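Novice: Residues per chain, in single letters:
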Amino acid sequence: MKFQRRVFPWLMVSPTFLVLALFLIYPLVSLLLMSTRDYGSSIVNYTDVGLQWYRMLPDDPRFVNGLWRTLIYSGGSVIGAMLLGTIMAFLLNRNYPGVAAVRTLFILPMISMPVASALMWGTMFNPNQGILNYLLESVGLERSLWLASPNTALASIMIVEIWMSSPFVMLIVLAGLRSMPSEPLESAQIDGANKLQLFLYVMLPMLRAALATAALFKIIDTLKQFPIIWVLTKGGPLRATETLYVYGYALGFQFFDLGYGAAILVVLLLIVMIISVFWMGLRQRQWL
Amino acid sequence: MKILFRIIPVLTFVTLLVLAPSVIGQSEFDWRRYEGTQLRGIMIQGPWINSAEPFIEEFEELTGISVDLEILPEAQAWDKIRVEMQANNEDLDLFYNQTSRFGNEFVDNGWVVMLNDLINDPSLTNPDFNWDTDFPDVVRDGVAFDGQFIGIPTDRSLGPMLFYRKDILEEYGVEVPQTMEELGQAARELWEASGNSIPGFVARGQGAAATSAFSYVMHEFGGLWEDAEGNPTLTSPAVLEALEWYGSILRESGSIGSTAFAFPETTNEFLTGNAAFTIELGVNPSNVANPEVSNVAGLVGYSVIPLGPGGEEARYANPCPPLRPFALSINPFSPDQEAAWLFIQYITGFEPQLAYLQSGRVAARQSPWDSEAFSDSLTDDARDYWAAQSISSGFCPGTRGFAPPSIKDTGRARDIIGQVIETAIIGGDIDAAAALAQEELEMLRTREQAGN
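Chains as they are written, first to last, in our numbering: chain A, 300 to 587; chain B, 5 to 456.
Next comes chain B alone, as it looks inside the complex:
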């Protein structure tokens, strides 16, 4: 008994000693060490910043750091970020990074801070950040370039989906399409049956912006951006077949005007009730239910993208190449990189990520997914959406991204491919346009390899 009395205090002391660092670490993490600093960032208009904005004020109160974010439309934001990088601007501290598009280019040009040192510095990284345990491997791999992390992801990329109007399909007795062929047929039927008043299918058709939506279709047809050696494969039979399908469905089901449609126009077209089907990932249960932007609340059905001629095989590659997500990155020319790092940690924390998830997007962090707050907040609509999304986000085609990954100048590559997509929609000579684009992509790649 005496021994027990002696052991208990010792055990208690040892336990306290073991637990102390983590407890002290949590309570003592110094959020206010950069009090008075002013941060400036460039963000992209869209669901992420919409859900993150309310947390910025909380961060400012917690840290005493003031944050000024310029929120711009996608294309304008990319242009501005790149101009400021090229000018080595010290005034910009952080930015929203589409790593699939700019990862290679930014790494190559030294336009992004590698975050490994910051993540591994316990004095600068909140112990609750849990980079190794709360961000799944697939997410961390997505922002890793040669083992260096170029940003903290806000997203896991959405898998390809089909959105359809339940009321229209019911009215005209059309089943939810399971294959690409059925989708094409249904879209044309609806356009005709409605007396050319309801476009059957709407999707992006405006040049470079269209390559993302087209890539989902291309993969279903078994097409890839490039072969194993990194040579572009725009003239492969599968890609040509996908181009023909994509162009003709838009042209023949009432959406030929989509050559002017990028992300906002396509989303708006579907949400305002002007199409029966879309594959535009800007649509989600949150904006469908929002009466300020949607006329179709309660009328939208969710499904995985219909299966194409490429079959199940085209959907899964092994090993799966990394999927590059949206992420928050730090400008290497900024003098306030550590303060920017505090902001990034906070804004990718549990609460902001939960809010993002609840807005219908695929949050990068795992803990919000496992939380009761998330499961309790799901509407029936949202459950349908997530059921389909959980399947399609597991798809893994052989090359990912919205242009051949081996080409660093993704912007120019997308512009070149966009011309072929527009040709397909307008009903022009796809073979000739694809051959020309193939040649241009090869030249671009050769130039890049030569270092020009």
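Same shape as in the complex, but just chain A:
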């Protein structure tokens, strides 16, 4: 009886704990240790350098620029995806023939492989043969350089990110709309609320939880976006799309500064954690 009460619960949770230890705690500790080491030609022989890599970060322009770029990329993409996803959810929250098929079509970008999607968009962005410039020209606009210019490259990748992320937002908001009680809407309508007021003052507050959850997921995803950027630009041109993740990868696997690359990824991890905790704090205080 004693055994059952004391040990049995631990036995029951041990598989979960083991999985966590193997796939979360071990890599995390490894990353932290790696960021305090200087590796030469071998990961077996290294020297401990303490926090040297972290002290170098503020003086590294690629890190500072990469940090800003990461925040701009994430912020812009999340705002875009939230707006587009919410609009899509409202459009699909109706009953008309074929709506189920349309919904399925709309979630295709979310379930497609990021690398395949990026390759497809890369073709579309081609300044000479891409369909996007063809469309621009057909309505009398100038061709854009898209990924080829440092002025437009980051925005172009954000378009792809928004295209891939908005179906996720749509699904969550749609679920929120579907589970929304009809009474508050009806009573607001009886009180004379117009459609805009209905949306702003009744529906939106009731969707707050769904929107906040979707935004948190997307913030985390976009802060650590890698495949789309790597496939489309590898951080160029002129490092205009080099986010922290891309810089960390280049350091670690192209220049073999494994220690410094790890330090940058630890900083990125901390940023993701701080933003997530802050966001959840706002939720708990009902500010979101």
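These are computed hints drawn from the structure, not numbers from a lab. The structure displayed is predicted, hence computed values, not measured ones. Note that the Cβ used here is the ideal one computed from N, Cα and C, for glycine as well. Careful, some of the hints might be misleading.
[Stated by the list, open to error] Keeping only pairs whose Cα atoms sit at most 20 Å apart, straight-line, the calculated SDA-like set for lysine to any residue is:
| # | chain 1 | residue 1 | chain 2 | residue 2 |
| --- | --- | --- | --- | --- |
| 1 | B | Lys84 | A | Ile378 |
| 2 | B | Lys84 | B | Asn299 |
| 3 | B | Lys412 | A | Met311 |
| 4 | B | Lys412 | A | Leu515 |
| 5 | B | Lys412 | A | Tyr338 |
| 6 | B | Lys170 | B | Lys84 |
| 7 | B | Lys84 | A | Gly339 |
[As the list claims (entries may be wrong)] Going by beta-carbon spacing under 8 Å, a handful of chain B positions derived as facing chain A:
| # | residue |
| --- | --- |
| 8 | Val87 |
| 9 | Thr263 |
| 10 | Ala264 |
| 11 | Ser410 |
| 12 | Arg416 |
| 13 | Glu426 |
| 14 | Ile430 |
| 15 | Asp433 |
| 16 | Asp435 |
Dock chain B against the given chain A, drawing on the hints supplied.
Specialist: Just chain B now, with coordinates in the frame of chain A:
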């Protein structure tokens, strides 16, 4: 007469005695001594592995060794090879080595087996391998580091060429350019004359990947990566002039999007008919004629790269520094190095090298070049190609490779230089970008010299 009868058997016996070792050596070379061994290698997607793949099965049947090759895109392969080396991975046996890029670094880090002992061991080296006689000196020197061979070359590097669309030039009445100035002019004219529908010139523009194509142009302008003391020379007038030319021709003849182009994109752009000129060496008669990848079969002309302001003098240095080719190398951490050596010998033998040559690449081994099988297989297109290539492969600029050879971390050096090339294409401040890159290269070199 009697004496003759006595001498003949003696002579016959002596002759047999002299010939016997080589005959016995050939028939008795034991290909099956490592039967049952499994080899793993990392190779780069591209013409070499395409032509070598059919011979792998033959090797497996001959030796009983099974070979598992991971064939990856260039950048991914380099990353993976270096990661595995850094991890001292015993599971990797051999790899495709771009010695111009990784030679110094791999030798310095002890990441490659020196092959001299294996080559000189008659029990491990097939007598038909003929390392000393069938691989020309220039090829063997290319893989020699302090007299030690770090790989067996598959290639002699291609010389710089110009590929052009004969039909487009004819349609718009443009002559094949003989100088860099004429090439720039022709490319811009074609872009304009075609109503901005046919980019005049396409070449690599994506950061580090662009340094190889740019180096050919730089040499024609009389520029070098470094001076005699090994100091980088990115801000020299010749290099700056070459950067200006390279950037402006791409920008002004319809290929500004080339900042996203490395080897596959550039080759694809030309083969799918979207440019009039290119200097991309990924183009060759074999893929031009292949309808699966090419829309320009029969329409491509071949010439040496146009002469730049550096003149003939810039093309030939004496003595000529070694040209580092692609080669097959063995991982020093592998427990199956001798089995890997058997594979390397086989796959760089006559037949695989002939197939490689016939696919339009410059095979390292000499005998395929001299074979009837090769000369009989040449199409008119291929004859034009080889006529131009035979001239340009003789060019020898003062510093070779795709980054300053004195810098060991070629990857980082190429990344730094790539930023200047991108700046030139986009139309930015080349002088400022080159000055910054020069400073970064000098810092990198100083750090390396200090052992950091």
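Novice: Would the stated hint for Arg416/B survive a check requiring a Cβ distance to chain A of less than 8 Å?
Specialist: This interface hint holds because 5 Å falls under the 8 Å limit.
Novice: Next pair to validate is Lys84/B with Ile378/A; report whether the Cα-Cα distance is within 20 Å.
Specialist: violated (37 Å)
Novice: Asp435/B was flagged as interface toward chain A. Is the shortest Cβ-Cβ separation under 8 Å?
Specialist: At about 16 Å, which exceeds the 8 Å cut-off, the nearest Cβ of chain A leaves the hint on Asp435/B violated.
Novice: Under the criterion that the straight-line Cα-Cα distance not exceed 20 Å, is the pair Lys84/B, Asn299/B satisfied?
Specialist: Given that 20 Å is the threshold and the Cα spacing comes to 34 Å, the pair is violated.
Novice: Given the hinted pair Lys170/B and Lys84/B, is their Cα-Cα distance within 20 Å?
Specialist: violated (41 Å)
Novice: Do the alpha carbons of Lys412/B and Met311/A lie within 20 Å of each other, as the hint requires?
Specialist: violated (55 Å)
Novice: Hint check: is the beta carbon of Ala264/B less than 8 Å from a beta carbon of chain A?
Specialist: Holds - the Cβ of Ala264/B comes within 8 Å of chain A, reaching about 5 Å at its closest.
Novice: Classify the hint on Thr263/B as holds or violated, based on whether any CB of chain A lies nearer than 8 Å to its CB.
Specialist: With Cβ-Cβ at 4 Å, under 8 Å, it holds.
Novice: Given the hinted pair Lys84/B and Gly339/A, is their Cα-Cα distance within 20 Å?
Specialist: holds (17 Å)
Novice: Classify the hint on Glu426/B as holds or violated, based on whether any CB of chain A lies nearer than 8 Å to its CB.
Specialist: This interface hint holds because 5 Å falls under the 8 Å limit.
Novice: Given the hint that Lys412/B pairs with Tyr338/A, does the C-alpha gap stay at or below 20 Å?
Specialist: holds (16 Å)
Novice: Report holds or violated for the interface hint on Val87/B, using the least CB-CB distance to chain A and a cut-off of 8 Å.
Specialist: It holds, given that the least Cβ distance between Val87/B and chain A is near 6 Å, below 8 Å.
Hint check: violations occur at hints 1, 2, 3, 4, 6, 11, 15, 16; the rest are consistent with the structure.
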